[in-house]
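S.K.: Sequence:
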Amino acid sequence: MIPCLIEEGVDILNPVQVSAAGMDTKELKREFGKDITFWGGGVDTQRILPYGKPQEVRDEVKRRIEDLAPGGGFVFAAVHNVQSDVPAENFMAMWETLQEYGLYR
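If you want the numbering used here, it's the 1-based position in the sequence shown plus 1014.
Any given hint could be a false lead.
Keeping only pairs whose Cα atoms sit at most 25 Å apart, straight-line, the calculated DSS-like set for lysine-lysine is [stated by the list, open to error]: (1) K1040 <-> K1076; (2) K1067 <-> K1040; (3) K1067 <-> K1048.
Label pairs and their in silico Cβ distance ranges [to be verified]: (4) G1086 <-> W1109: 15 to 23 Å; (5) G1023 <-> D1099: 31 to 39 Å; (6) L1019 <-> Q1069: 29 to 37 Å; (7) P1017 <-> K1040: 26 to 34 Å.
Think of the hints as simulated: they come from the structure by calculation, not from any bench. Glycine is no exception: its CB is placed at the ideal position from the N, C-alpha and C atoms.
Please work from the sequences and hints to get the whole structure.
M.R.: Written out as structure tokens, the structure reads:
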């Protein structure tokens, strides 16, 4: 479906549902990254952010940045809204990892 969206002039995809079956963000970027910007997909909000340990959150955020950011065309955001069940430690792990790895140079 993404090629059809690109062909019709869509230039930003939101959300990027990283927990969807068969989703590979590295492959997504490789295949479509030159034609579309990915807005979201920075951290899974269904399992990792609310229920993971802070190190799991850090690992997830770093991996998504490494997969989606090279060459530009990535706006970091959680997959969906961050809910009230997210522990403060996990939110801060997301934020701190974004600050460390999410800068374009």
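S.K.: Each hint needs a verdict: does it hold in this structure or not?
M.R.: Hints versus structure:
Of the supplied pair hints, the one linking K1040 and K1076 holds, its CA atoms being roughly 12 Å apart against a limit of 25 Å. With a C-alpha separation of about 23 Å, the suggested pairing of K1067 with K1040 holds against the 25 Å cut-off. Between K1067 and K1048 the CA atoms are separated by roughly 34 Å; this puts the pair beyond 25 Å, and the hint is violated. Roughly 22 Å separates the CB atoms of G1086 and W1109, a value that falls within the hinted 15 to 23 Å.
For G1023 paired with D1099, a C-beta distance near 38 Å keeps the hint of 31 to 39 Å intact. For L1019 and Q1069, the Cβ-Cβ distance of about 35 Å falls inside the hinted range of 29 to 37 Å, so the restraint holds. Taking 26 to 34 Å as the suggested C-beta distance range, the pair P1017 and K1040 does not conform, at roughly 18 Å.
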